[in-house]
Structures are given as structure tokens and as C-alpha cells.
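What follows is each chain in one-letter form.
Number of protein chains: 2
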Amino acid sequence: MAEKIRLTAPQAAFSRRLGHEFADPSLLRTALTHRSHSSPHNERLEFLGDSILNCVVAHLLFERFPQLPEGDLSRLRANLVKKDTLHELALGLNLGEQLRLGEGELKSGGHTRPSILADALEALFGAVYLDAGFDRAKVVVGNLFTAKLDAIAPDQPIKDPKTRLQEYLQARRQPLPVYTLAATDGQAHLQQFRVLCEVASAALQTEGQGSSRRAAEQEAASRALEKLKA
Amino acid sequence: MAEKIRLTAPQAAFSRRLGHEFADPSLLRTALTHRSHSSPHNERLEFLGDSILNCVVAHLLFERFPQLPEGDLSRLRANLVKKDTLHELALGLNLGEQLRLGEGELKSGGHTRPSILADALEALFGAVYLDAGFDRAKVVVGNLFTAKLDAIAPDQPIKDPKTRLQEYLQARRQPLPVYTLAATDGQAHLQQFRVLCEVASAALQTEGQGSSRRAAEQEAASRALEKLKA
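These protein sequence lines map, in sequence, to chains E and L. Counted from 1, the first sequence has number 164 at position 164 by UniProt numbering; the numbering is strictly sequential. Counted from 1, the second sequence has number 116 at position 116 by UniProt numbering; the numbering is strictly sequential.
Honestly, the hints are just simulated from the structure, not real lab data. Do not rely on the hints blindly, as some may be mistaken.
Identical copies look the same in the list; a pair holds intra-copy or inter-copy alike.
Think about it this way: if two alpha-carbon atoms lie no more than 30 Å apart in a straight line, the pair counts; the simulated DSS-like pairs of lysine-lysine are [what the hints assert, rightly or not]:
#, residue 1, residue 2
1, 159, 148
2, 227, 83
3, 107, 82
4, 229, 82
The whole structure should be built from the sequences, with the hints applied where relevant.
Pasting the structure below:
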């Protein structure tokens, strides 16, 4: 920290591609430094960045899919933050050519190794967070993931759980689920509905609750899907 | 969201114990609502809050233990965010008496069930985040976890990896590790040291790098510990 660090021109260009200008350029440099090169290297930043990434993607999904139950949000997130996706995004940023690797890693092609690239990208998220705070990291991560998030929207999650359950069963040539209203509680303006969803072919019965019968059915269907896919 | 929500006096008191006054009290109410009670319930907030908690604790550990490698930080975090710890913190807040549970859960003692309490506490972290942003959630989580974090400091992680490796082997009556300098690279003011750590009893050899011989030894010891404990 004592010496004042100046970024190289390619590092500065990379920083612009990432979408963040670092107040403390040493953070960028550390995030790009693999442990085979020198210390400080990027592993601690990766630990931090991984949790920032998970948190930002959790919030982005939470906002985008206000009706989706927790289990679906978890699955979507797992798909977005996996190594393959990070590797692909790192390639889009030409991250490999900025990596600082030790001799051995360099010779064995470490700058194209998916895990090294994915880890460095996570470390960069940690570096942005330390440099400028969570909201800034959210913007950087959000911009990088916009296309991925948009790509989710049209298919699976925009379909509601009842539709997905129906399609799941039809694809397996199994009979459709049967929904029955089990109970209605509460006064007129605060009614709560309890609905049962029965999937006979799987000997499965789930329950859903909601402020409308439809909402209760959707929840019951969502839980049935979770169990069928478990 | 249409109706204006007013907290009950006990809810307002609970909110003060948690350390956050909600601009939108409906978030607090949702976080305290179990799925057995009504919708909206706290499962989506729990999904969000879990990631906030992980992220905040990651940063707190990152700051407190600037020398600790990533593997140690992960282990410490796993210990802090586990259900038992959350349950204990929830008890300290008297969270159970604020939970909104359905009839069945109420009768079967749901308000004392550790998983229900732990989940609701995570949901509360999500609610604070949505209500007032990440930095506010960090303060709330940080205050709750201060004692837990302080309790870590005196023992394990304050000891450096070389000391811990030595103690680990002594406890098992095995010979001490042998460190050898493998290489020194770079110019005088940017020297890099590579050190090997050999644990003969486990037929194990690890390597560490650093800007001093001692730093390289610590890293090699840390990796040896990781492998011995794997």
C-alpha cells in the first residue's frame, strides 16, 4: 500500500470495460493477481466477491420475479453464478490477457483456464465493493449480468408454477394435477385460501396458501414441482 | 401494500431490539410471518437475507483478519452463519414471541423451533436491506454478531498458520514440519520467496509464496493445514 500504484494502459482499458474506475488501483491489481504470481494475490478478494455476487444476483432476481417462490429464486441464482457463466463473462471482458500469473501457470495456459478466470472475476467484484461500496458493486454486476437476466425472462420463470407443473406432467404423459379448496379463513377483506394440489401419478399432495384461490393454487403447484424434481 | 400498516406496540419494541426502525413496517411484518400463517410470508425475504448475512459476515471477517487465507475465512463464516448461531441470536431478541404462525404451527410449538427462528432472523436481515440498503443491514448484522466475532478473536484465528500447524502435529505426536526455501525471484525491492513445507508423517509437501520468507512459510503452512484437515 506504501508505493503509489499506476495502472498500465491495458489495465486502465480493462477497468473501463468492467465499468468501474478504481479510486485505489491496487485493488484492481490484486484482483488480477493469481497466487502463482505473487502476494497479495486474489484469493481473499474472491472470497469476498463470491458473496457480493450471490447477494447482488439474489436481489436482482427478487426484484425481477416478484411472484417467484424462494426455491425457484435459488435455482435461478445457482444457474447464474456458476463457473461456466462467470467464465463466459470473463471471456467477454478479455480478462485472461490481464491476469498476472506465475511462470508455470503462464506456460501451461493458466490464462485460459475457466476456474482461474471465474475466480478472478469474483475477485474483481470484491475489489469494486471495497473500492466504492455495495451499491457500486451492484451496478457493475448488474450491467454484466443484464443479458443473462433478460435471457431467463422469456422462458421458464415467466411461466407460472401451475403452467410448469402441467407441462412437466404432460411431458411425462401423466394425468394432470387436481386442485381442491381445503379451507377459507378470515374476514371478507382479509381472506386466506388453502388449496390442495394432488398429483396422483406420484402419490403426492401439497398445500398452498394465499389471499386468492389462484395464489394458493400457484403456491401448491410450486411445492409439488419442487418435490417432483427433488 | 395498499393498506397502511401500523405496528403493534410489541412489534415496535422488537424493532428497537433489532436495532432498526422500519420506514416500511410491512417489511417487518412480512419477515415475522411464517408461511403457515398467511401470505405474503417470509420465505422470499429469507432467501435475500441469507445472502446479505453471508456477505456482511464475509466483509466483517475480511476486515478483522487481514492475514487469514480464504479457506480459514470460509470456515469461520460457516461457523458464524449456521442455524445454531442464528437460533441463539433469535432467542436473545425474543423473536419467537413476535412470530406470526398458523394454528397448527402455534399448537405444535413452532415459535420455539430453531429452524423457524433462524429463518425468520434471516428474513429480518432481508427486510432491513430492502428498507434501508446494504450499509444499514451491515450495521444491524454487525451489532448482532459483535460478541460472536469477539469470541473468535482470542483463540484460533489470531494464531498464525505456522503455529497452528505445529500445534496440530504436536497434538498428534508427529514430527514438526520442515520449511525450505525453494527459490527467490525478482529484484531487490520486489523480491518473491517460494518456500516448501514438508510434513513427513503425512507424506505431504506444500508450497507457499510471499514477499518475505516468513510470509511464504505462513502460506505453505496454511495449505498444509488445509490438506491435513480435508
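Quick rundown of the hints versus the structure:
1. 159 / 148: Answer is within: at 17 Å inside a copy they meet the 30 Å cutoff, but 43 Å across does not.
2. 227 / 83: both (26 Å within a copy, 23 Å between copies)
3. 107 / 82: within (27 Å within a copy, 42 Å between copies)
4. 229 / 82: both (20 Å within a copy, 26 Å between copies)
Hint compliance for this structure: every hint is met.
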